[in-house]
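Residue numbers (the working numbering), protein chains in the order written: chain A, 1 to 218; chain B, 219 to 305.
The set of hints was computed from the structure by calculation and includes no laboratory data. Heads up, the beta-carbon is just placed ideally off N, CA and C, and yes, glycines get one too. You may find that some hints are simply not true.
[As the list claims (entries may be wrong)] Each pair of labels, with its calculated beta carbon distance range:
no.: 1; chain 1: B; residue 1: G277; chain 2: A; residue 2: T109; range: 39 to 45 Å
no.: 2; chain 1: A; residue 1: R110; chain 2: B; residue 2: F237; range: 51 to 57 Å
no.: 3; chain 1: B; residue 1: F244; chain 2: A; residue 2: N124; range: 25 to 31 Å
no.: 4; chain 1: A; residue 1: L66; chain 2: B; residue 2: L239; range: 55 to 61 Å
no.: 5; chain 1: B; residue 1: I285; chain 2: A; residue 2: H105; range: 35 to 41 Å
no.: 6; chain 1: A; residue 1: P112; chain 2: B; residue 2: Y234; range: 27 to 33 Å
no.: 7; chain 1: B; residue 1: S304; chain 2: A; residue 2: H105; range: 50 to 56 Å
no.: 8; chain 1: A; residue 1: F14; chain 2: B; residue 2: S289; range: 30 to 36 Å
no.: 9; chain 1: B; residue 1: S304; chain 2: A; residue 2: H154; range: 24 to 30 Å
[As the list claims (entries may be wrong)] Facing chain B, a subset of chain A residues (Cβ under 7 Å, in silico):
no.: 10; residue: F11
no.: 11; residue: V68
no.: 12; residue: Y72
no.: 13; residue: P75
no.: 14; residue: L77
no.: 15; residue: P82
no.: 16; residue: F84
no.: 17; residue: P88
no.: 18; residue: R130
Listed here are the chains, written in short residue letters.
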Amino acid sequence: MIHKLEVDSVFLEFGERRVLSDVYLKCETGKISGLLGRNGNGKTCLMNIIYGNLNPNSKSIRFDGLTVPTAYKRPDLLLYLPQFNFIPQILSLKRVFSDFNLDFHEFETRFPEFKSKHNSALKNLSGGDRRLVEVYIVLKTKSKFAMLDEPFSHLSPIMIEAVMELMNEEKKNKGLLITDHMFRNIIDISDNLYVLTGGKTHLTKAVEELDFLGYTKV
Amino acid sequence: MSYFTTAFVLTLASAYMLFKLGSGAFALIFWFKIATYGVIIYYINNYKSKEFYYYQNLGIPKLTLWISTLSFDFLVFITLLIYVTSK
Chain A
1 MIHKLEVDSV FLEFGERRVL SDVYLKCETG KISGLLGRNG NGKTCLMNII YGNLNPNSKS
61 IRFDGLTVPT AYKRPDLLLY LPQFNFIPQI LSLKRVFSDF NLDFHEFETR FPEFKSKHNS
121 ALKNLSGGDR RLVEVYIVLK TKSKFAMLDE PFSHLSPIMI EAVMELMNEE KKNKGLLITD
181 HMFRNIIDIS DNLYVLTGGK THLTKAVEEL DFLGYTKV
Chain B
219 MSYFTTAFVL TLASAYMLFK LGSGAFALIF WFKIATYGVI IYYINNYKSK EFYYYQNLGI
279 PKLTLWISTL SFDFLVFITL LIYVTSK
């Protein structure tokens, strides 16, 4: 079954500064929606608004047509990978995989470098390994949608390749919304590409439009 | 140091103070404990707030976490104080 997440009517101001004013985003099962934007253009704010952690002046967030203002209470609907490490460092991989009902054996088969680390605490892993675990947890845990803010940060090129492969597998099960400054990866993997500029989202059809929208020189 | 360890050490310290100072110090110790909650809440909200996303991804909102952990800790605190004053 295809599920649909739609975002519109988002209006966000900080004091006199208008951050978001004309946003439309659609994310659906089977597709990866990429979101690009320069620093400070409101990508993370938009994700926090969708998740329900940030209250804007107005918003409309709909899952299969139903309004869900606090999606963070519904992990069956939406999971969120923030741009920073979010798993408490003190926890072991065993505990984390158990909390999210995930099979560690499947994980170590895919990423053999984690063999014999089942009982390791997150704090004993490298920055790249920690990020990889977090991305894996959000991608593999059962949910209709997942938002990933900078999933490629701290990852080596080989890890990025493996994560992109995993995203392509998992999009069959859930709609993915991703943003990252490694825009070539986002362009490569996205089925729909949005650019956030001037508080508005633009659905781009050609990479050349990124130049026109002032995001990058292609 | 985890929240639970910090709170539990403070609870033990409160019980020890009550044991030493007597039941007349109950009000002082009660407000001491409330003040430490303020410090703990401030610290966690400012320095550990990123970890709330872990629990939110498990379907546990911040408010539920605060209410359950503070209620449990306060129950332990009151139980221990009652036990000490009855001795």
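Now for the hints, and whether the structure bears them out:
no. : hint                           : verdict
1   : B:G277 with A:T109: 39 to 45 Å : violated (28 Å)
2   : A:R110 with B:F237: 51 to 57 Å : holds (56 Å)
3   : B:F244 with A:N124: 25 to 31 Å : violated (44 Å)
4   : A:L66 with B:L239: 55 to 61 Å  : holds (58 Å)
5   : B:I285 with A:H105: 35 to 41 Å : holds (36 Å)
6   : A:P112 with B:Y234: 27 to 33 Å : violated (52 Å)
7   : B:S304 with A:H105: 50 to 56 Å : holds (52 Å)
8   : A:F14 with B:S289: 30 to 36 Å  : holds (35 Å)
9   : B:S304 with A:H154: 24 to 30 Å : violated (55 Å)
10  : F11                            : violated (24 Å)
11  : V68                            : violated (13 Å)
12  : Y72                            : holds (4 Å)
13  : P75                            : holds (4 Å)
14  : L77                            : violated (10 Å)
15  : P82                            : holds (5 Å)
16  : F84                            : holds (5 Å)
17  : P88                            : holds (5 Å)
18  : R130                           : violated (12 Å)
The earlier numbered hints that this structure contradicts are 1, 3, 6, 9, 10, 11, 14, 18.
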